[in-house]
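Participant: Relying on the hints, combine the two individually framed chains into one complex.
Residue numbers (the working numbering), protein chains in the order written: chain A, 1 to 211; chain B, 1 to 634.
Hints are not guaranteed to be accurate.
[Stated by the list, open to error] Below, in silico cross-link-like pairs of lysine-lysine (DSSO-like), each with a Cα-Cα straight-line distance of 27 Å or less: (1) Lys-314/B x Lys-425/B; (2) Lys-64/A x Lys-329/B; (3) Lys-577/B x Lys-553/B; (4) Lys-55/B x Lys-181/A; (5) Lys-539/B x Lys-55/B; (6) Lys-181/A x Lys-539/B; (7) Lys-522/B x Lys-604/B; (8) Lys-182/A x Lys-539/B; (9) Lys-329/B x Lys-314/B; (10) Lys-545/B x Lys-577/B; (11) Lys-539/B x Lys-577/B; (12) Lys-604/B x Lys-545/B; (13) Lys-182/A x Lys-55/B; (14) Lys-425/B x Lys-604/B; (15) Lys-577/B x Lys-415/B.
Keep in mind the hints are simulated off the structure, nothing from the lab. Just so it is clear, the structure is predicted and the values come from calculations on it, not from any experiment.
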Amino acid sequence: MSETSKFDTTNILVVGTGGQGVMTATEILAEAAIALGHDVKKTEVAGMAQRGGVVSSHLRFGAKVLSPQISPGSADVLLGFEAAEAMRWRHMLRPDGLVLMNTGRLVPPVVELGLYAYPDDPVAEMHAVGTHVVPFDASAIARQLGDIRLGNTVMLGAIADHLPFPAEVLERCILARFASKKAEIVELNRRAFAAGRAAADAAEKAEAGTA
Amino acid sequence: MTAQAVIPIAGQAVTGRLLMSGNEAVARAVWEAGARVAAAYPGTPATEMLECVAKYPDLYAEWSVNEKVSLEVAFGAAMAGSRSFCAMKHVGMNVASDALMTMTLTGVAGGLVIAIADDVGLSSSQNEQDSRFWPRFAHVPMLEPADSQEAHDFTLAAFELSERFETPVILRLTTRICHVKGLVQVGQRQERPVAGFAKNVDRWVMEPRAVGRRLPLMFDRERRLRDAAEVSELNVAEDGIDRRVGFVTSGPAYMHVRESFPDAPVFKLGFSFPLPFDSLRRFAAECDRLVVVEEVEPLIETELKAQGVTLSGKDILPRSGELSPQVLKPAVARLLGETVAQEATRAPLAVFPRPPTMCVACPHLGVYYTLSQLRNVTISGDIGCYTLGFGQPWNALDAVISMGASMGMALGLDKGRSETEKDKKIVAVIGDSTFLHMGMQGLLDIVYNRGNVTVLLLDNRAVGMTGGQDNPGSGRDIHGQEAPRVDFVRLVKALGVREERVHLVNAYELPILLRTLREETKIPEPSVIITSQPCVLIKDYHALKPYTVVEDKCTGCGNCIDVGCPAIHVTRRDRVKKPSGREVDLAFVRIESAACTGCGLCLKPCAPDAIVHVDTLAMPIKIIRKSAELSQTP
Numbered sequence: 001m002s003e004t005s006k007f008d009t010t011n012i013l014v015v016g017t018g019g020q021g022v023m024t025a026t027e028i029l030a031e032a033a034i035a036l037g038h039d040v041k042k043t044e045v046a047g048m049a050q051r052g053g054v055v056s057s058h059l060r061f062g063a064k065v066l067s068p069q070i071s072p073g074s075a076d077v078l079l080g081f082e083a084a085e086a087m088r089w090r091h092m093l094r095p096d097g098l099v100l101m102n103t104g105r106l107v108p109p110v111v112e113l114g115l116y117a118y119p120d121d122p123v124a125e126m127h128a129v130g131t132h133v134v135p136f137d138a139s140a141i142a143r144q145l146g147d148i149r150l151g152n153t154v155m156l157g158a159i160a161d162h163l164p165f166p167a168e169v170l171e172r173c174i175l176a177r178f179a180s181k182k183a184e185i186v187e188l189n190r191r192a193f194a195a196g197r198a199a200a201d202a203a204e205k206a207e208a209g210t211a
Numbered sequence: 001m002t003a004q005a006v007i008p009i010a011g012q013a014v015t016g017r018l019l020m021s022g023n024e025a026v027a028r029a030v031w032e033a034g035a036r037v038a039a040a041y042p043g044t045p046a047t048e049m050l051e052c053v054a055k056y057p058d059l060y061a062e063w064s065v066n067e068k069v070s071l072e073v074a075f076g077a078a079m080a081g082s083r084s085f086c087a088m089k090h091v092g093m094n095v096a097s098d099a100l101m102t103m104t105l106t107g108v109a110g111g112l113v114i115a116i117a118d119d120v121g122l123s124s125s126q127n128e129q130d131s132r133f134w135p136r137f138a139h140v141p142m143l144e145p146a147d148s149q150e151a152h153d154f155t156l157a158a159f160e161l162s163e164r165f166e167t168p169v170i171l172r173l174t175t176r177i178c179h180v181k182g183l184v185q186v187g188q189r190q191e192r193p194v195a196g197f198a199k200n201v202d203r204w205v206m207e208p209r210a211v212g213r214r215l216p217l218m219f220d221r222e223r224r225l226r227d228a229a230e231v232s233e234l235n236v237a238e239d240g241i242d243r244r245v246g247f248v249t250s251g252p253a254y255m256h257v258r259e260s261f262p263d264a265p266v267f268k269l270g271f272s273f274p275l276p277f278d279s280l281r282r283f284a285a286e287c288d289r290l291v292v293v294e295e296v297e298p299l300i301e302t303e304l305k306a307q308g309v310t311l312s313g314k315d316i317l318p319r320s321g322e323l324s325p326q327v328l329k330p331a332v333a334r335l336l337g338e339t340v341a342q343e344a345t346r347a348p349l350a351v352f353p354r355p356p357t358m359c360v361a362c363p364h365l366g367v368y369y370t371l372s373q374l375r376n377v378t379i380s381g382d383i384g385c386y387t388l389g390f391g392q393p394w395n396a397l398d399a400v401i402s403m404g405a406s407m408g409m410a411l412g413l414d415k416g417r418s419e420t421e422k423d424k425k426i427v428a429v430i431g432d433s434t435f436l437h438m439g440m441q442g443l444l445d446i447v448y449n450r451g452n453v454t455v456l457l458l459d460n461r462a463v464g465m466t467g468g469q470d471n472p473g474s475g476r477d478i479h480g481q482e483a484p485r486v487d488f489v490r491l492v493k494a495l496g497v498r499e500e501r502v503h504l505v506n507a508y509e510l511p512i513l514l515r516t517l518r519e520e521t522k523i524p525e526p527s528v529i530i531t532s533q534p535c536v537l538i539k540d541y542h543a544l545k546p547y548t549v550v551e552d553k554c555t556g557c558g559n560c561i562d563v564g565c566p567a568i569h570v571t572r573r574d575r576v577k578k579p580s581g582r583e584v585d586l587a588f589v590r591i592e593s594a595a596c597t598g599c600g601l602c603l604k605p606c607a608p609d610a611i612v613h614v615d616t617l618a619m620p621i622k623i624i625r626k627s628a629e630l631s632q633t634p
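Bound conformation, chain B alone (with noise of 0.2 Å):
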């Protein structure tokens, strides 16, 4: 999904309002605020954010090698003075907040703004955990945005508040802002003086005894910040004549709530930790019963029951995903003990589901198609497209947990083996892009403790899963100009891997990767085979004459199939006997021609060559390369 920024065109402003998802309008009041610095590092559902930012003029703006970088880069530009910006997904702060944990003791010069979006709903993450424990950790003010507008509001008033009080601030947003598209009233940008980095140990040097100093201030901060939220305008009251049940709520589940129950009252909290007990204790009085609607974990539950208000929660509400009105509706009314009204829901039609698949021609597809071959093997995954190589038809991938993992859980199942595990092969598989946000420490390890592990570094020169974003292995930067370029041969003999065990290896030369693959695995020390074949999606990447299948040369094999590539289609099935009497399942094909891009995986498995190059003269319709997306219409 890539974005498009709505920017001013120069000397042109634009006024009225925009359709802009969360992610754009957040992006459009960093610029706005002035901002001088913003960096991220790509994550469904924040990539957009930061894709954005780097489409407005004067200000700086980089794909940073990981989150904790990134936050770094934005604490550093504070630190001068300027407004900064940084965003991530969820789990990115899991990695980011060794940095988060010390810089809200030394506070900030310039606003900071720290946008979190979670994945409540799971659309691409491997966890659902809640940002809102971030705040109350590092002890910094958080805003929840209920949509776009106010997503764009409430980050002009994040920077406004981080300078104010000081502090970074963590704007939280979640899937059902970031990628929901809205109208926003959008401003201009306002330039800011920069003061410069003011030279300062007591503030900036955090060893234990300016520690010990900063401590008392960061509390009262938080106690003034708790003053702050009582008033703030981005908390809200909103009354309503049905008092039965009152709710209290935050972010995207506030619009649900109101749909859900138009008529009642609701405390929206826009500026939602520290909470505003005083506020909340008179809102609870006015109501019959209070009901806390909160995503994902009970933590408006927890701290106001510890504040004496009798309540509901998550006694009544899942615990995961969207609290959507199908949701909340039946949930409320249940705890009214009325009949749950008969929505007008029937059940779904039962079809095959359609789990994401490889692209077409992705040099993946000849990665999985030959660990798939190997036997007596446990592979050690990580995140990102090839995350994918756990499913059909390839089965070829055991255990995916976080960025970078693949290189500790392959040592950890090296060192760990079973009496019975003495031959197994460990193979650890990870993109070039994880490699360098979190693996390589996990590879020194591996070198440096005498692991026995194969590694599979699958370089495609881009951030796939999330939309081919650029990073140090493209050579290219944010903007798309020419940048640095690693090497990742040099890189991985720096770490100690032996110059003998590090392959380069074409991804499309199947029985060259099968090789090189089986011999590696059988030396007991650390190797590396790096493919280097581009991601499809991808500039580098050039399409070449598309396949067809000779339909009588066809004999039903289907090996073709186990590539995984979903331009081979099935035209009809057979069984058949053979002489020796064992029964055998046939699946003649068909490529689809005008989806590929003859990258030739599919010949290998051919036996009685089959596939053959398609006569370009007779070719039916325009070769389609990328996504069928109707604004690439040439």
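Extracted from the complex, chain A is given alone in its bound form (with noise of 0.2 Å):
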């Protein structure tokens, strides 16, 4: 899909804060596209992760995959975990690409001590640039389900449609971890994952709406 290879490789950059569950989330989109038997690569820059700091993972797919690393501007998605994140790193997207976006927020220390301001909107401010946001609440959402930790369920669900895949192969991915779990988490994720997908649908029908 990207324009920057002549190897016919996809470009996913998943970005968050370190504690959100960006590399797992990466990781299981990776396992979807082993099953498909593409070559894979994922890689992370994540210094301190541990410690809330940033954490974008890059993962690549394909015939055969390279550089494991997204050079800017050719990302084919942009998952972004939190908003502000998703700012950070919507130049790795390539000009019409796709960000899929959680508005729920992840305040800072630097900001909350008032050295820095949160961006008043994120949204507008990616629109003002002409990139191509889907946004919804994915921290609302996986609060509504009972666990914030379901956040990352619902992110998966939100690109489910977005990849050159069905949607079906990856919510496996995702269920088959939680196989030795309680039928309780299993079905959680399996409704964390299908609200995702509907947020995201219902915000990009919105955003056509507007557009």
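Facilitator: In structure tokens, the structure reads:
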């Protein structure tokens, strides 16, 4: 899909903050791509990720993947687990790429201390620079389902219809992770996945309506 | 980042390809190679190698107290004829090199592979040094994989090479190998006979006369290794139709070169020291120009230039950081006099920085909040999570260089103080694992030389920064099994700190911590204040009932924000004029109760007592104590 390579490679960038499950979500996406016979590379820029810093996880798959890194301007899809983090990495997107964005905010101490401001309206700022954004509140959906940690399954649901393979492949890979867990956990994740899928779909239709 | 080892289920051979990080792939190959001993000290990006090795059966694995000890353990096993493995981050070899520089003379009996992981791009390190100097310095061979599959295959090849030439072999990795996941074809473990230790003082006792006999053998070995590199399958000259530029490269840079210039000839060095000069000269002769693409230092470049090869290298490429396609393409285009293709890149949007923070309820929060209250103090720091104390809101750490250096630097700051600094307090802050790694000697030096230093020993029973690994302070071994636990109070007393000057303080008891610090910094002799609350990421930590803010009691003083806990958020700001006419900024807060684990640090600075326990019945969602990784969903 990427224009920057002669190799037919799909580039997905997953971003968020340490602790949100960005790396796990990317790993599940990688497993789905592997299940379909793709070559896969996954890499992180996650220095001190466990400490609430910036995490960006690169996933590339296709017939043969060389460099594990997505070059700026060549990501096909940007999956943003946090509003400001989606903004931070938007330049990595190819011009006609898509941002799937959780509007939920995680405000860091440097903002609480008054040293920096959190952007007033991240969606509007992305629109202003001509980026195709599909915004939805994955954090709220996860909380409604009873556990904020379902957020990454919600996010994976949101990207499910924007991959070069059927959503069911991804869903199977997610649920396989919980195969050894209680049935209710599997069911919660199934619902989170469906809710994310529906939220992205609704948001996309709303975006198309306003465009 | 915890690693998941892909280990074989008992009695069931894993076949096919597995998604593995470079670290996991190396660990797998160490097991397959029949290694019997593996040792390391944790350090990003190398940590997961030993974490994974330890999950395999049939070999001994340990967290050593530092990299030098880990290498000596691995070397001892190799003397006994066992295959052995040692892993470290780049700076670890600075510590271990004393052993390396002489074991190159003795050589090894069983295969010894030393994995050194460079942090090219500085994801979590204090420098970006290039470990490819070590094989040159120590006259040992080096292999450099370019992805996870090669990390696996080259580890196996390294053991073979090590035994064939009876030499330690360095496996050079970088962050972009260690932490990249790719598909790996794995094999099964091959058990090997172990010869046992053969007494031979001419070989194993490196006194000067014996060294004199071993030196020529080492140089002869290097010559034979160069011959081996010339014919090694790990060095590949790839042909290309666009011969305007040929590339010589190694490690992850190869992937970037191949991606950026799919039609160019590329000499990929996998067995990258000693360099196969003849092969490289032949390759150079077939290209119009030669560009050496190497992360970080111009080592291949320098050696090839000395061989009379004309080439470009660091004249067109950066001396630091990764050489990714976005760096390579424009640099080579300029070399060819081409206009740099306009990439479809756009400027990043301006967003606040998000530096790493300490965790919610981290015991270090109270320490740094307290240190930030001290005046006229210089704080010498060390390597670990507590390095973050230099930043906002604490600004309570003034220097950090290397493991354990807080001790020596503090003594030097004390002895080297100027006339105007006579009353300056000198405090050193060091974590438990760093203290055991290389801090004990420094404290002994402070005591022996009568330094006026107050040491804060932050014992959180874990190597926190790398993910909470065990160490002699945690009382558990690499498998999480009970192990002898060091007693820090007795240890520092044994080093000579007087009994009255040793204090064990609860890191959450801020008034006592502040009082103890004030008193000890006034007394002109060495003192040690030990805090002993566990890292919130390890199982020793137990969450308590979370807190919340009573909205109409909060006066907006903002004192609680200065603790630096990421669970405290500002709800609104205001500016008021005091009766004195002075304008004051107010910040009203809430506590993210779902993240709060009830440490109570924020209660101490809250004058109006606006922070109270959450009514557990009214808790909207479950308490989140650790990272919200999907895999940990209950």
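Participant: All hints, please: hold or fail.
Facilitator: Now for the hints, and whether the structure bears them out:
no.: 1; hint: Lys-314/B x Lys-425/B; result: 45 Å, violated
no.: 2; hint: Lys-64/A x Lys-329/B; result: 20 Å, holds
no.: 3; hint: Lys-577/B x Lys-553/B; result: 19 Å, holds
no.: 4; hint: Lys-55/B x Lys-181/A; result: 22 Å, holds
no.: 5; hint: Lys-539/B x Lys-55/B; result: 19 Å, holds
no.: 6; hint: Lys-181/A x Lys-539/B; result: 21 Å, holds
no.: 7; hint: Lys-522/B x Lys-604/B; result: 24 Å, holds
no.: 8; hint: Lys-182/A x Lys-539/B; result: 23 Å, holds
no.: 9; hint: Lys-329/B x Lys-314/B; result: 14 Å, holds
no.: 10; hint: Lys-545/B x Lys-577/B; result: 37 Å, violated
no.: 11; hint: Lys-539/B x Lys-577/B; result: 48 Å, violated
no.: 12; hint: Lys-604/B x Lys-545/B; result: 17 Å, holds
no.: 13; hint: Lys-182/A x Lys-55/B; result: 26 Å, holds
no.: 14; hint: Lys-425/B x Lys-604/B; result: 25 Å, holds
no.: 15; hint: Lys-577/B x Lys-415/B; result: 47 Å, violated
Checked against the numbered hints above, the structure breaks hints 1, 10, 11, 15 and satisfies the rest.
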